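First to last, the protein sequences are chains A and B.
Heads up: the first sequence begins at 165 in our numbering, then just goes up one per residue.
Heads up: the second sequence begins at 200 in our numbering, then just goes up one per residue.
No wet-lab data here; the hints were simulated from the structure.
Quick caveat: nothing in here was measured; it's all calculated off a predicted structure.
The beta carbon of each residue, even a glycine, is placed where N, CA and C say it ideally should be.
Each hint should be verified, as a subset may be incorrect.
Unchecked claim - Once the Cα atoms are required to be at most 27 Å apart in a straight line, the calculated BS3-like pairs of lysine-lysine come out as:
id : chain 1 : residue 1 : chain 2 : residue 2
1  : B       : 339       : A       : 581
2  : A       : 337       : A       : 524
3  : B       : 360       : A       : 423
What the hints assert, rightly or not - Selected chain A positions facing chain B (in silico; Cβ < 8 Å):
id : residue
4  : 270
5  : 272
6  : 273
7  : 358
8  : 361
9  : 372
10 : 376
11 : 422
12 : 563
13 : 573
14 : 577
15 : 580
16 : 584
To be verified - Residues from chain A that face chain B, not an exhaustive set, calculated with beta carbons under 7 Å:
id : residue
17 : 298
18 : 371
19 : 423
20 : 476
21 : 562
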Amino acid sequence: MYCGKNTGRLIGALFIWLLMVPVACGPKSRSENGIRLVYWSANNQSEINLARMVVEEWNRLHPEVQVVHQPVPEGESSEEVILAAVVGKTTPDVYSNMWPGDIAFYVRAGKLLALDQFADFDSVVQDRYNPEVLEQMRSPDGHIYHLLWKTNPIMMLYNKKLFREAGFEKPPKTYSGYLQAGVRICRDLDGDGYFDRWLGVTDIRARWRDRLFDFYPLYIAASGGKTFFNRGRLNVDTTAARRVFAFFQEIFRRQYFPKLVPSGGRDLFLAEQVASRITGPWEIARLERLKPPDFEYGFAPIPVPDGQTGPFYTYGNPKSIVVFWNTKHPKQAWKFAAFLISRMSDFRLLTVASQLPYRKGLLDDPLFRPYFEKNPMMVRFARQVPFTRAEDNVPELKEIFDAISQEFEACVFYGAKSPRQAVEDMMERIRLLLPEEEKGGAAVEGE
Amino acid sequence: MKESKSGWPFVLPYGLHFAVFMAFPIAFSFVLLFHRWDVVSPMEFVGFRNIVTLFHDRLFFRALLNTGVFLLIHIPLQIVVALFLAEMLNRRIRFRGFFRAVYFMPVVVSGVVVTMLWSQIFALNNGLLNQLLGALGLPKLPWLTSPTLAMPSIAIMATWKNVGLYIVLFLVGLQSVPRHLYEAADIEGASSWQKFFHITLPMINPTLFMVVILSTIGGFSLFIEPFIMTGGGPMNSTLSAVLYIYKQAFDFYRMGYAATLGFFFALLVMGVVILQRKLVEREIAY
Numbered sequence: 165m166y167c168g169k170n171t172g173r174l175i176g177a178l179f180i181w182l183l184m185v186p187v188a189c190g191p192k193s194r195s196e197n198g199i200r201l202v203y204w205s206a207n208n209q210s211e212i213n214l215a216r217m218v219v220e221e222w223n224r225l226h227p228e229v230q231v232v233h234q235p236v237p238e239g240e241s242s243e244e245v246i247l248a249a250v251v252g253k254t255t256p257d258v259y260s261n262m263w264p265g266d267i268a269f270y271v272r273a274g275k276l277l278a279l280d281q282f283a284d285f286d287s288v289v290q291d292r293y294n295p296e297v298l299e300q301m302r303s304p305d306g307h308i309y310h311l312l313w314k315t316n317p318i319m320m321l322y323n324k325k326l327f328r329e330a331g332f333e334k335p336p337k338t339y340s341g342y343l344q345a346g347v348r349i350c351r352d353l354d355g356d357g358y359f360d361r362w363l364g365v366t367d368i369r370a371r372w373r374d375r376l377f378d379f380y381p382l383y384i385a386a387s388g389g390k391t392f393f394n395r396g397r398l399n400v401d402t403t404a405a406r407r408v409f410a411f412f413q414e415i416f417r418r419q420y421f422p423k424l425v426p427s428g429g430r431d432l433f434l435a436e437q438v439a440s441r442i443t444g445p446w447e448i449a450r451l452e453r454l455k456p457p458d459f460e461y462g463f464a465p466i467p468v469p470d471g472q473t474g475p476f477y478t479y480g481n482p483k484s485i486v487v488f489w490n491t492k493h494p495k496q497a498w499k500f501a502a503f504l505i506s507r508m509s510d511f512r513l514l515t516v517a518s519q520l521p522y523r524k525g526l527l528d529d530p531l532f533r534p535y536f537e538k539n540p541m542m543v544r545f546a547r548q549v550p551f552t553r554a555e556d557n558v559p560e561l562k563e564i565f566d567a568i569s570q571e572f573e574a575c576v577f578y579g580a581k582s583p584r585q586a587v588e589d590m591m592e593r594i595r596l597l598l599p600e601e602e603k604g605g606a607a608v609e610g611e
Numbered sequence: 200m201k202e203s204k205s206g207w208p209f210v211l212p213y214g215l216h217f218a219v220f221m222a223f224p225i226a227f228s229f230v231l232l233f234h235r236w237d238v239v240s241p242m243e244f245v246g247f248r249n250i251v252t253l254f255h256d257r258l259f260f261r262a263l264l265n266t267g268v269f270l271l272i273h274i275p276l277q278i279v280v281a282l283f284l285a286e287m288l289n290r291r292i293r294f295r296g297f298f299r300a301v302y303f304m305p306v307v308v309s310g311v312v313v314t315m316l317w318s319q320i321f322a323l324n325n326g327l328l329n330q331l332l333g334a335l336g337l338p339k340l341p342w343l344t345s346p347t348l349a350m351p352s353i354a355i356m357a358t359w360k361n362v363g364l365y366i367v368l369f370l371v372g373l374q375s376v377p378r379h380l381y382e383a384a385d386i387e388g389a390s391s392w393q394k395f396f397h398i399t400l401p402m403i404n405p406t407l408f409m410v411v412i413l414s415t416i417g418g419f420s421l422f423i424e425p426f427i428m429t430g431g432g433p434m435n436s437t438l439s440a441v442l443y444i445y446k447q448a449f450d451f452y453r454m455g456y457a458a459t460l461g462f463f464f465a466l467l468v469m470g471v472v473i474l475q476r477k478l479v480e481r482e483i484a485y
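Model the full assembly from the supplied sequences, consistent with the hints where possible.
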């Protein structure tokens, strides 16, 4: 028993040593030769390749500020990983895969650096963004905390053969035209009394994020490019919202979309069981890899209410670059963030990662032209870039989408409410979620 | 005194585990009851506001009701199926060991895998069950897309997943019933049903109680199935209490409110278990 004291000391010493190891091995902000920044990118291979290339270039040009690149650590989602990093104060200096819907949440907590505090901010951003995009990036406190980096404009993917067989060279642009296509496309192929081929498909679970890929793009399109807030105050175009609810309700009433809960089974679009899907350009690489021979597909603008004329807006599904609050070198981190959105880095984003920079005049720039000549499928998305909208910059965004999702489910998938009632209930729920200063006036009634 | 000190290093691992993973979270959750906290911003003291909100939260009570519906279907179904199969597997049948292993297999398979498998079985258009109904000339059923059918469908799946464990428990109970009781009953001319209701059932009462308790606690923690299969829908009909708490905590970062719901829910489960103990547990001796 004489060893008890020594054993206790030994365990104590071991415990303290274990605690100190991560601290000792953690990143240092100042390298031997100068300043050292840590940059996290998305962790898919194409963006890792891109990040390595851009960082190599930066390090060559800026030997005094060396950037270390790391892909964002694996997790259920990058949003969760970032949250854990913020809580644990292990964030990088610069991160380039931030969901703009989270910006307001982190701004409220004081975890992001205001980028417009830097003297050269205006000169950096003026070549890249239209004034209305800059306005959308602005937080209610008047500052800009993120740079919209890349965008995946949400459009309608369609099966050319199925639409051609139904008598449409291209998918119809309006709600009534789309429903008309449903009459000819939806088929009971095995004679069991149920459709086996549908006009389209969407996830019918009432999860808030699913509404970003059915209700939200169609709402932005139907409202002519509005989101839910204007200058930090609630400003929903309830007429547009009602129209979208009514359109989807009619689709499900006619059973043109299956009541489908995705279960990891086969891809109904590739199996030619659904003729269209609301999605983004990331599908191209997947379809090219998996499509059967002679499978023809294309992208078209998402449908809009009858009589509406262009330009046709949509949801941009963007990602942003941010600088975290605890960086020891804010000026250098900003310089690197600005480097990431330079014309040359945007060119690499396009050519290496096949992702569209959130940059105006993409198709007019001679630097980008050869890429689009080689990848004509991306031209349609590039044309859409100026007409995309991001999520609103409010901390309650997820709860707002949850409220929309609940009402959308009741009205559209189960026909339990009229579109008018569902939108009224949706507005009531949203107002309950918001603090007084964000509630705004009456909702906007579209024409 | 020296002797007692030397024991500390040996209990240190458990002590650390208890402190880090049990005592601290419970104490921290209790603190959260009175705060608003979104994980990244500093905590804000809100007094009893979370508790007041709870009693006005219709969706939480809907989630409790849904969990109750699940338990009402799941527990009796689980007991009947497990007891029936245990009774069968307690007899001298061929391949008894094989069947015992097969029934236990779903218990060790990941809940996520089982749920994804059953999502395909329940699928409306191409699901196995609806193909079977179609072959019999019957209409397709919206197993997961009908507010009425979705929770019973999940209860069926959960029963399939867990029944193996309860079969094993019942088998242990059945094998502990003294043979002479059945022999005496045979001499008295008792039928099989009489033997089952008057000997087997009373004698396995402790096992029955354990199965009821375990499946009640397991049922109250219903999460993976609705999270993956339905997301709580259709129209919140499969929104379980734990799923609702999870959404509040990890979708909306309302940690204080989620902790309040968690405490309330834990008290509720404890109350139900105490009630069950009074209703189910019997001391039987022959």
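Hints and how they fare:
1. For the suggested pair residue 339 of chain B and residue 581 of chain A, the alpha carbons sit about 25 Å apart, so the restraint of at most 27 Å is met.
2. Restraint check: the Cα-Cα separation between residue 337 of chain A and residue 524 of chain A comes to about 25 Å, which is no more than 27 Å; the hinted pair holds.
3. Pair hint residue 360 of chain B plus residue 423 of chain A holds up; C-alpha atoms about 25 Å apart against a cutoff of 27 Å.
4. Using the Cβ-Cβ criterion of 8 Å, the hint placing residue 270 of chain A at the interface with chain B is satisfied: the shortest such distance is roughly 7 Å.
5. Because the smallest distance between the Cβ of residue 272 of chain A and any Cβ of chain B comes to about 6 Å, under 8 Å, the interface hint for this residue holds.
6. Look at residue 273 of chain A: its Cβ gets to within about 4 Å of chain B, closer than 8 Å, so that hint holds up.
7. The closest approach between the C-beta of residue 358 of chain A and any C-beta of chain B is roughly 6 Å, which is under the 8 Å cut-off, so the hint is satisfied.
8. Look at residue 361 of chain A: its Cβ only gets to about 11 Å from chain B, farther than 8 Å, so that hint breaks.
9. The interface hint given for residue 372 of chain A is met, as the beta carbon of that residue sits about 7 Å from the closest beta carbon of chain B, less than 8 Å.
10. Of the supplied interface hints, the one on residue 376 of chain A is violated, with its beta-carbon coming no nearer than about 14 Å to a beta-carbon of chain B, more than 8 Å.
11. At about 6 Å, the closest approach between the beta carbon of residue 422 of chain A and any beta carbon in chain B falls short of 8 Å, and the interface hint on this residue holds.
12. Because the closest C-beta pair between residue 563 of chain A and chain B is about 5 Å apart, less than 8 Å, the hint holds.
13. The beta carbon of residue 573 of chain A comes within 6 Å of a beta carbon in chain B, closer than 8 Å, and the hint placing it at the interface holds.
14. A distance limit of 8 Å between C-beta atoms decides the matter here; for residue 577 of chain A the minimum to chain B is near 7 Å, and the interface restraint holds.
15. Annotation: interface hint on residue 580 of chain A holds; nearest CB of chain B at approximately 7 Å, less than 8 Å.
16. Residue-level restraint check for residue 584 of chain A is violated (minimum Cβ-Cβ distance to chain B is 18 Å; threshold 8 Å).
17. Nearest Cβ of chain B to the Cβ of residue 298 of chain A: about 26 Å, over the 7 Å cut. The hint is violated.
18. At its closest, the beta carbon of residue 371 of chain A sits 5 Å from a beta carbon of chain B; the interface hint therefore holds under the 7 Å criterion.
19. Given the 7 Å rule on beta carbons, the hint for residue 423 of chain A holds: about 4 Å separates it from the nearest Cβ of chain B.
20. For residue 476 of chain A, the interface hint is violated, since its Cβ never comes within 7 Å of a Cβ in chain B; the closest pair sits about 30 Å apart.
21. Look at residue 562 of chain A: its Cβ gets to within about 6 Å of chain B, closer than 7 Å, so that hint holds up.
Going down the numbered hints, you'll see the structure goes against 8, 10, 16, 17 and 20, while the others check out.
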